[in-house]
Amino acid sequence: MRRSAIAAAVASCLLLGACMTTRVEESKSAATGLRDGEAIVIIETSYHFGNDTEDSFVDCVSKAVQKGRNRLRVYPDEAFVDDLFPWFEPRFMPKGPDALPELLAKPGVAEKIRANGIRYIVWLNGDTERTNSGGSLSCAVGPGGGGCFGFAWWENDSTYEASIWDIEDSESAGEVSAAVRGTSMIPAVIVPLPLIARTQSAACKGLARELQAFIAGEDAS
Amino acid sequence: MAADRSSLLQQVAVLGAALLATACSSSVVVPADFPQPVIEPVPLTIGLRYLPEFTGYEYAEELPNDFDWRFDIGAANRALFDTVFGQMFERSVALDATAPVPPDVDLVVVPTVDALEFSLPRQSGDDQYAVWIRYRLEVQKPDGDLVTEWPIAAYGQADARRFGRAASMTAATRRAMRDAAAQIAAGLADKAQIESILAAGGADAAAAGIAKVNRQAEPAAEKAPANDEASDEEDNDAS
Numbered sequence: 000m001r002r003s004a005i006a007a008a009v010a011s012c013l014l015l016g017a018c019m020t021t022r023v024e025e026s027k028s029a030a031t032g033l034r035d036g037e038a039i040v041i042i043e044t045s046y047h048f049g050n051d052t053e054d055s056f057v058d059c060v061s062k063a064v065q066k067g068r069n070r071l072r073v074y075p076d077e078a079f080v081d082d083l084f085p086w087f088e089p090r091f092m093p094k095g096p097d098a099l100p101e102l103l104a105k106p107g108v109a110e111k112i113r114a115n116g117i118r119y120i121v122w123l124n125g126d127t128e129r130t131n132s133g134g135s136l137s138c139a140v141g142p143g144g145g146g147c148f149g150f151a152w153w154e155n156d157s158t159y160e161a162s163i164w165d166i167e168d169s170e171s172a173g174e175v176s177a178a179v180r181g182t183s184m185i186p187a188v189i190v191p192l193p194l195i196a197r198t199q200s201a202a203c204k205g206l207a208r209e210l211q212a213f214i215a216g217e218d219a220s
Numbered sequence: 000m001a002a003d004r005s006s007l008l009q010q011v012a013v014l015g016a017a018l019l020a021t022a023c024s025s026s027v028v029v030p031a032d033f034p035q036p037v038i039e040p041v042p043l044t045i046g047l048r049y050l051p052e053f054t055g056y057e058y059a060e061e062l063p064n065d066f067d068w069r070f071d072i073g074a075a076n077r078a079l080f081d082t083v084f085g086q087m088f089e090r091s092v093a094l095d096a097t098a099p100v101p102p103d104v105d106l107v108v109v110p111t112v113d114a115l116e117f118s119l120p121r122q123s124g125d126d127q128y129a130v131w132i133r134y135r136l137e138v139q140k141p142d143g144d145l146v147t148e149w150p151i152a153a154y155g156q157a158d159a160r161r162f163g164r165a166a167s168m169t170a171a172t173r174r175a176m177r178d179a180a181a182q183i184a185a186g187l188a189d190k191a192q193i194e195s196i197l198a199a200g201g202a203d204a205a206a207a208g209i210a211k212v213n214r215q216a217e218p219a220a221e222k223a224p225a226n227d228e229a230s231d232e233e234d235n236d237a238s
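Listed in order, the protein sequences are those of chains A and B. Residue 24 in numbering that gives the first Met the number 0 sits at position 25 of the first sequence; the count goes up by one each step and never skips. Residue 50 in numbering that gives the first Met the number 0 sits at position 51 of the second sequence; the count goes up by one each step and never skips.
Because the hints were derived from the structure by calculation, they are not lab data. Predicted, not measured: the structure shown is a model, and the values here were computed from it. It cannot be assumed that every hint is accurate.
[Unchecked claim] Computed footprint of chain A on chain B; a stretch qualifies when at least three of its residues, placed anywhere within it, have a C-beta under 8 angstroms from a C-beta of chain A:
| no. | segment |
| --- | --- |
| 1 | 125-132 |
| 2 | 139-150 |
| 3 | 158-172 |
Positions of the beta carbon are idealized from the N, C-alpha and C atoms, including for glycine.
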């Protein structure tokens, strides 16, 4: 019975694509919601604090939260950082919501944020790492043709967290996280058949959906 | 006929060599546009003395078994300091290397680049192109007397997975230059300190105030150059 279940799982993976497990969580500490004309800005935590979130992931989440029923208005991150130069440069960006009152008291800062209707800052943290790999695959070409034989696989782990700061109340509204683990494989009998687990893309979609529900003040489930 | 063929072969060889050299080198030219800092201007007139080695700064490095890298940040250097100082002080005046200081100038700043270093993803093993630039600001009284020297260690990195090779290094260099500008702007944003000293005694006192801000500036922790190859270049000067 157990053997057939495993065989069925492997067969499903092969038929449907690579295997992934996704975990999305949220922790809310304040009521949320966006009024007409209000926007959020999504930026990555500084590399000075040891964070290496991919630029492509920030772009992906920014685009994804602007789609669907709970779509959010997003102010472009690069324009935000330029507007408030130098206070959101990697060296000087605030480390926690406790730093917001001091930042907003600096000449011109609160006015610029208010003028652009920005209500929440969403800080992204995390990255995608290859955690394991194995197998072997070899290809050869001869006068009569060519082909590949073997089996290669690798496992990717995409773990991201979004911290949401409410600028109006100068406090943290909570956190949303997405963790996706996936195994990609390439079985090859003459023709290689790549089955790729797009963990980063899955984490982006999961995090964006949860963020929309979180900020709109709805239950994501 | 034979001479024509020889000439044609020579031209082909020269063209091939040129193409090969281009294919094996990467050029970093930083766009000369930077944001204005959001700070209240200090009520002083500042003179910015631009030396030719600063506005024409170039750095080249040949890496074994890799591309040759060439950095051209001279125009961006000037744009960066024009933008930042233009906003930080009530008035700023650009001065050539030998131009006399106008009588209404309170202080003169002479920026220089001490060194530029970089590291590649294969050296650091973390998908990032990284650039370090060491600037030095010499703050002088209008008569040329040195008030203080302000060394600025700036750092920038860019994701190798998003851009191409040269574009990533350009983005990292631009971020390092912005980091330098941010340190200058944030260091001088403590206007209250400078103003109180100004009220007490004019430009001499303001210069002393800047020196004080300089001493108080506490640089944030940053990544060290990723490997020996990068740190070997510490003493590079403008080529």
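For each hint, the structure was consulted:
Requiring three or more residues with a Cβ within less than 8 angstroms of a Cβ of chain A, the coverage given for the segment 125-132 of chain B holds, as 3 such residues are present. Residues of the segment 139-150 of chain B lying with their CB closer than 8 angstroms to a CB of chain A number 0, which falls below the three-residue condition for coverage. Restraint check on the segment 158-172 of chain B versus chain A: 3 residues with Cβ-Cβ distances below 8 angstroms, three needed, restraint holds.
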